[in-house]
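Residue numbers (our numbering), protein chains in the order written: chain X, -7 to 347; chain G, -7 to 347; chain S, -7 to 347; chain R, -7 to 347; chain Z, -7 to 347.
These are computed hints drawn from the structure, not numbers from a lab. Fair warning: there could be bad hints in the mix.
Identical copies carry no separate label here, and so any pair may be met within one copy or between two of them.
SDA-like cross-link-like pairs, simulated, lysine to any residue; straight-line CA separation at most 20 Å [claimed, not checked]: (1) Lys187 - Thr263; (2) Lys211 - Asp111; (3) Lys211 - Met119; (4) Lys93 - Thr263; (5) Lys154 - Val65; (6) Lys154 - Pro8; (7) Lys211 - Gly112; (8) Lys344 - Ser198; (9) Lys154 - Val53; (10) Lys344 - Asn281; (11) Lys154 - His78; (12) Lys288 - Arg342; (13) Lys211 - Gly185; (14) Lys154 - Leu11; (15) Lys211 - Val188; (16) Lys211 - Glu189; (17) Lys187 - Gln205; (18) Lys288 - Leu347; (19) Lys344 - Leu195; (20) Lys93 - Met258; (21) Lys219 - Ile255.
Note that the structure is a prediction, hence the values are computed from the model and not measured.
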Amino acid sequence: MPNSISKRSQKAGLPPGTLVHVGEPGMEEPRISVMVYDAMRLEEEYVDTVGEAFPLQESPVVTWINVDGIHDVSIVEELGARLGLHPLVLEDILNPDQRPKMEDLGDYLYVVLKMVDWDGQRGEITMEQMSVLVGANYVVSLQERPGGDVLDPIRERIREAKGTIRGEGPDYLAYSIMDGVVDGCFGVLEGLGEKVEDLEVELVSSPLPETLQELHVLKREMIYMRKAVWPLREVVAALERSGSPLIEESTVPYLRDVYDHTIQVMDAVETVRDMLSGMLDIYLSSISNRMNEVMKVLTIFASIFIPLTFIAGVYGMNFQYMPELAWRWSYPVVWLVMLVVGVALLWYFRRKRWL
Amino acid sequence: MPNSISKRSQKAGLPPGTLVHVGEPGMEEPRISVMVYDAMRLEEEYVDTVGEAFPLQESPVVTWINVDGIHDVSIVEELGARLGLHPLVLEDILNPDQRPKMEDLGDYLYVVLKMVDWDGQRGEITMEQMSVLVGANYVVSLQERPGGDVLDPIRERIREAKGTIRGEGPDYLAYSIMDGVVDGCFGVLEGLGEKVEDLEVELVSSPLPETLQELHVLKREMIYMRKAVWPLREVVAALERSGSPLIEESTVPYLRDVYDHTIQVMDAVETVRDMLSGMLDIYLSSISNRMNEVMKVLTIFASIFIPLTFIAGVYGMNFQYMPELAWRWSYPVVWLVMLVVGVALLWYFRRKRWL
Amino acid sequence: MPNSISKRSQKAGLPPGTLVHVGEPGMEEPRISVMVYDAMRLEEEYVDTVGEAFPLQESPVVTWINVDGIHDVSIVEELGARLGLHPLVLEDILNPDQRPKMEDLGDYLYVVLKMVDWDGQRGEITMEQMSVLVGANYVVSLQERPGGDVLDPIRERIREAKGTIRGEGPDYLAYSIMDGVVDGCFGVLEGLGEKVEDLEVELVSSPLPETLQELHVLKREMIYMRKAVWPLREVVAALERSGSPLIEESTVPYLRDVYDHTIQVMDAVETVRDMLSGMLDIYLSSISNRMNEVMKVLTIFASIFIPLTFIAGVYGMNFQYMPELAWRWSYPVVWLVMLVVGVALLWYFRRKRWL
Amino acid sequence: MPNSISKRSQKAGLPPGTLVHVGEPGMEEPRISVMVYDAMRLEEEYVDTVGEAFPLQESPVVTWINVDGIHDVSIVEELGARLGLHPLVLEDILNPDQRPKMEDLGDYLYVVLKMVDWDGQRGEITMEQMSVLVGANYVVSLQERPGGDVLDPIRERIREAKGTIRGEGPDYLAYSIMDGVVDGCFGVLEGLGEKVEDLEVELVSSPLPETLQELHVLKREMIYMRKAVWPLREVVAALERSGSPLIEESTVPYLRDVYDHTIQVMDAVETVRDMLSGMLDIYLSSISNRMNEVMKVLTIFASIFIPLTFIAGVYGMNFQYMPELAWRWSYPVVWLVMLVVGVALLWYFRRKRWL
Amino acid sequence: MPNSISKRSQKAGLPPGTLVHVGEPGMEEPRISVMVYDAMRLEEEYVDTVGEAFPLQESPVVTWINVDGIHDVSIVEELGARLGLHPLVLEDILNPDQRPKMEDLGDYLYVVLKMVDWDGQRGEITMEQMSVLVGANYVVSLQERPGGDVLDPIRERIREAKGTIRGEGPDYLAYSIMDGVVDGCFGVLEGLGEKVEDLEVELVSSPLPETLQELHVLKREMIYMRKAVWPLREVVAALERSGSPLIEESTVPYLRDVYDHTIQVMDAVETVRDMLSGMLDIYLSSISNRMNEVMKVLTIFASIFIPLTFIAGVYGMNFQYMPELAWRWSYPVVWLVMLVVGVALLWYFRRKRWL
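So that you can see chain X by itself, here it is in the shape it has in the complex (with noise of 0.2 Å):
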């Protein structure tokens, strides 16, 4: 966070509407791929400039174009003169760190979502920003970096007529993206899950400083986790009642199940939570309970050898007038004697169930 905040404090005192890119400086060329359809057909393209995408076509065809990689800002600053965008969502486009959110602006609808997905390797949540924005008969995405492993599933249904995809406007194909980021989320949390669980075992079995250490960046990841999916849910709230006429009616039920489904993401994050927290109680009371156990393994070995070290020591004494030492079985005796007093000790120990 404050890596992309100090990325941010460096636009402050610039006009709004400037546009500069302040995420991570992109690492590959913008890839920008073109999709027109409706019931009957299909083209499909890769273009090297927005402007190829244009004009767009007679609706009812939809113009999907996708823009992979936003830091080339002049791809940003065609689509806003060709599509008549407003200064600050083209502005917004290009900050990376926006909070989910829905605006209605009259001839188009701009819907910024946040993609994470789980980087099994390094145990870790990615997010990466998607602005989608949908007008009567186009949709255009712009994402921070190729992988589109969320649009693939989309593209394909297009490309085979699975579904109703293709005999429904851009408010429909705006909503599968929805669905396949909140999708998306499902992923993450069963990552998620399994290294809780992982912890989970690890605590019992034998806690270490290194599995706080670990609770804690776990609980940092639902945090964040929790930022990217809480706004998600107004998004979708706002699409259904925003009685914009982008979005058909047919549309709603399905925006409705999106939802349904964000609810669902938001109660298995609020579940993780409470998960994490239960558990570092558990890691300070098993803490605790090791501390107890040392301590009384202390208590222990001094309760018992200190005293019959004492005896050893009046005997160890040189007086000159000590008449047991003279005795023929003091030895013998004072061995029983301390012999008697272990295992009195041990017994008492026993009774207080410390061993």
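For this one, chain X is given, so just place chains G, S, R and Z on it according to the hints.
Relative to the frame of chain X, chains G, S, R and Z by itself:
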């Protein structure tokens, strides 16, 4: 939870409305029972395919179709076709991870409930999803597994025409099912309550790390319980307020009654949660007390014998000029001194209330 | 709570409106008293069956029927028949685990209250449910057990025509009952407050594990208290806002007064809860302090005598060539060294403020 | 609190509107002062009975009657009779345990305020109830005890015609009183703030159990403070929004100003509470640190001398065949070994940063 | 905080609208700058008295008067007289302890903002109040101290006609100031974030009591930060929804943009707070771990050498009849026994994972 989420995530990318059963595979053959009744007559039979239950009788006769086992997707598909259900409703029926909810789809109401049950042997809560479809002259209930302990008393009441159920419409039958589900929660809370009390006794008498573990498990069970019950309130309230023509005026007081029971269940859940939180405090302070006690024993032993051992050590020194060594009464005097020191320390610890 | 819930769960599966008393079995014969009064006249009698109280007088005379002991289901049934009560209301009257609530059933209002009382001897809160039915010219109050300390002052006021009660309608009588119930809470809070203060003194002077146990019990009592008082506010507010023709305009300021008292009770309950939370912190830190003190004593003893014992041990060695052993002043010099070491350590511990 | 509640519970069972003073008995004779003023003239006098202040002057002259000491019930009764006050208002005036509130009774407004004051000597908050009645041409203010530090500056402003007070109506006077009460809170917060800072210094330098006790007392004071201030906000907001003809349009901005001050006070109260919570954490970890330090000293002493004592013990054994005993350099070599062991252990502890 | 509150309490009792500067006395001469601009022209000058800035130009020219240093009451008074400001507004301008707020006074809007800044050297947040008055053709901004890092970029944009600022009205200028203030928060959060990260590294490597102290200070800074930012959201939302004719339709999207930034800042503040809470847990468990480690070292040393010392003590006894003493191999055998005991104990502790 991670289990069901893992199932859920496998479905990511499929078009909405794709019917895939994402619950655990059913062990047994699905069972379909049909009851057709009004105030005058009653027909009851078990059928093999949903088709046999159709066409539905004319109103005001009520047809109640109950399906135990939703893993056979074809049954749900046929139901959907015959009753004209929305594909998303069918999808939700097959997904046993729904949050309890109520959806008004005009011609029919779709209600998702969670039946909780107490597995006394394993001391665990089991949870099963029940979908209820309420139409103008039918009720369809679908469960994951046979079992039906919730529905049996209702069937009995229909058969024996107890209460007013035979004279009422499908809304009253739906209410009866909901009432049964909420009443089932009381049984679970009874089981939980007993376990909490056992745990409390155990905690006060002999707190072990395992007790904490059990406490933790109980806490988690309460989280699940809560997640099943909390949205139930909204479901019942939504039904009461829906203004749907499918809910008759005379059924509303009954719904309000279920609502009150739901609140009672929630209160009880919160009370158990509060009790569990309090028990963690007791556990921790109990651990602290034990450590304190161990420390005291160690301190008393060490503090008494360390000075005595020192005295013995002094007269174990081998200096040639130690006049005391040659004195006649040195030895008994040293014993006396040791006794006085020991008794004084014991008295001191007693005054400090350590003994 | 598990007790009442266990009772409640036995009723699962019965048709709604089945009249079964789910509270504890009544010890004594139910007692029915009837008061018929208006500004001019007053009749008071004890009857054996509810039937004797009917038919009700013409308005504006108020008939107040009080039933102590609801375990006799037939009384409640007859009341229901005579007054035309809804079966669910009758069921609720017989179930002593209702949450306080107000229901407007058109012809009459149904109010459920919780009377709390302080059992000074056992230092416990007792709780009893009171159902109040308010009609156009009658009030029916039903309690679980005789006792009536709440109702006696009201009877007295009716008998002696104190205040305006004789000139007012059933709504004013219902208000008086509610006011009595809320005033009863102050007595309980007084008892609790004293117990909390006793506990606090005990906690500071000599914290024992039993003190914590008591703290825990008090906390649980507060949870129950809270559950009885919290919904009371809504009940009173609902009555005030109900707009029912059964509540006259002139009674509204009195209801607002009860409302204020309820808020005061809730404030006091919250204050006691806050105090109890604070006391747990004090207890825990008090335990820590004690352990700290024990540790210091151990450390001081051990740290002073262990070096001295070492010195003694050195001169207890049996080497043939130990020149010090033969010196004339060795022994007193060693004593001196020991003294210096001991005093130096004592001075060090004092400087560290451990003494 | 238990004190006032105990008083309150004595009144249980009395008919509403019974005038009994439930506060502490007044020490002094009640004092009644009357100020009659408008922009032109000013009369001020002290009277013995409320009756002397009546009849009220014609509007737009403002009559301000201030009563110090409400334990004389007859004064309140006469006021009620002269001004036509509702019996419940009179009852509330006599009960000094009211929550701050505002009631619009048509002809007049009834406002309850809590004056908090800082008793610098005892380091305690004192709290006093002030009831304010605002009519068309009068303001009546009633306090429990004389003192009037809040009202004196207002009297001064009326006498010297400072600001606009002389030209305004009773609503402005009521505002001025409320403003004075809220301003009084700043003085209390200043006193509290200083105490908190003192405590913090003490906590860091030398945490004692008494410090915790003081912290606890401060926390409780904050609970009371909060209970006095929190409802104040609602009172001011209710006045602002009341739409009562008694509140002139021009006074509304002043009320909004008081509202802002109330929010500021609440903010400060919350900040102090947050600071106090943080201090408990510091205290507890400070205790832990001390125990840690004690443990280290013990461990260092014990761990260094226990091995050395063992070595000395070995050569204190009396075996006949111990060749080392007869060697020439055994004694200095043993000393050397002991020195090496001791230094090695010291080095080890230093490396562990225990020294 | 106690500081400003102490200042605030000195004003208690003064009539409202009395102009007294309650902030810290200004160090420097107040500085007044005036900018008069529209799309075409721009005049900029520094004046000595507010009067020189008047009369205001005709609309649509914007006059921006900026005052650095509000300790000179006469400047504020003259402003009030020239612009016809409400006395309470003037009072609020002079009181630097206002909560951020927006007041619509018809002819003009009064906005209070808190500028936060990060003092990198002292690692502290500094806070300064800015009052902004927005009229039909003017904006007046007043700050406590010169500094103006927030306003300089805006001046620059006006001078160089960057962006659309020159073509817009006073509402856009006010928006720009607010945007600058919110952007300033990002810089502070960056500074704080770095400090939090440093602290975290320190906490894991070497937790000292000082670290906790710093944590505590940071927490308090966050409380202040939060108090400055939290109400900002309401201010911006109030401006957006105000419906005042002073806010033009075209400025609303910009305000919504600032709103989004405010939410982002709040999110970041909450994240930092969550991180700080987690760090306290880490600190405490880190302390526990250290104590545990100390205990283990002590236990291992004591438990190994105490039995060995006992054995040595036994053969240091002076009994005449101790056959072992005369045996040839006793001494090496005892050494062997000691070795075996020591190694056995070491093996035992290793198995317990204490080594």
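Going down the list of hints, with the structure as the test:
1. Lys187 - Thr263: Answer is within; shortest intra-copy Cα gap is 14 Å, inter-copy 22 Å.
2. Lys211 - Asp111: within (16 Å within a copy, 30 Å between copies)
3. Lys211 - Met119: within (16 Å within a copy, 28 Å between copies)
4. Lys93 - Thr263: Only across copies: Lys93 and Thr263 sit 19 Å apart there, 24 Å inside one copy, limit 20 Å.
5. Lys154 - Val65: between (35 Å within a copy, 19 Å between copies)
6. Lys154 - Pro8: between (43 Å within a copy, 10 Å between copies)
7. Lys211 - Gly112: For Lys211 and Gly112, only the intra-copy Cα distance (17 Å) is at most 20 Å; the inter-copy one is 29 Å.
8. Lys344 - Ser198: between (26 Å within a copy, 11 Å between copies)
9. Lys154 - Val53: within (17 Å within a copy, 40 Å between copies)
10. Lys344 - Asn281: Both ways: Lys344 and Asn281 sit 16 Å apart in one copy and 14 Å across, limit 20 Å.
11. Lys154 - His78: Between copies only: 17 Å across, 35 Å inside.
12. Lys288 - Arg342: both (11 Å within a copy, 17 Å between copies)
13. Lys211 - Gly185: For Lys211 and Gly185, the Cα distance is within 20 Å both inside one copy (12 Å) and across copies (18 Å).
14. Lys154 - Leu11: between (39 Å within a copy, 13 Å between copies)
15. Lys211 - Val188: Both: 10 Å inside a chain and 16 Å across chains, each within 20 Å.
16. Lys211 - Glu189: both (14 Å within a copy, 16 Å between copies)
17. Lys187 - Gln205: both (13 Å within a copy, 19 Å between copies)
18. Lys288 - Leu347: both (9 Å within a copy, 17 Å between copies)
19. Lys344 - Leu195: Only across copies: Lys344 and Leu195 sit 16 Å apart there, 28 Å inside one copy, limit 20 Å.
20. Lys93 - Met258: Both ways: Lys93 and Met258 sit 17 Å apart in one copy and 15 Å across, limit 20 Å.
21. Lys219 - Ile255: both (14 Å within a copy, 12 Å between copies)
Violation of the numbered hints given earlier is absent; every hint is satisfied by the structure.
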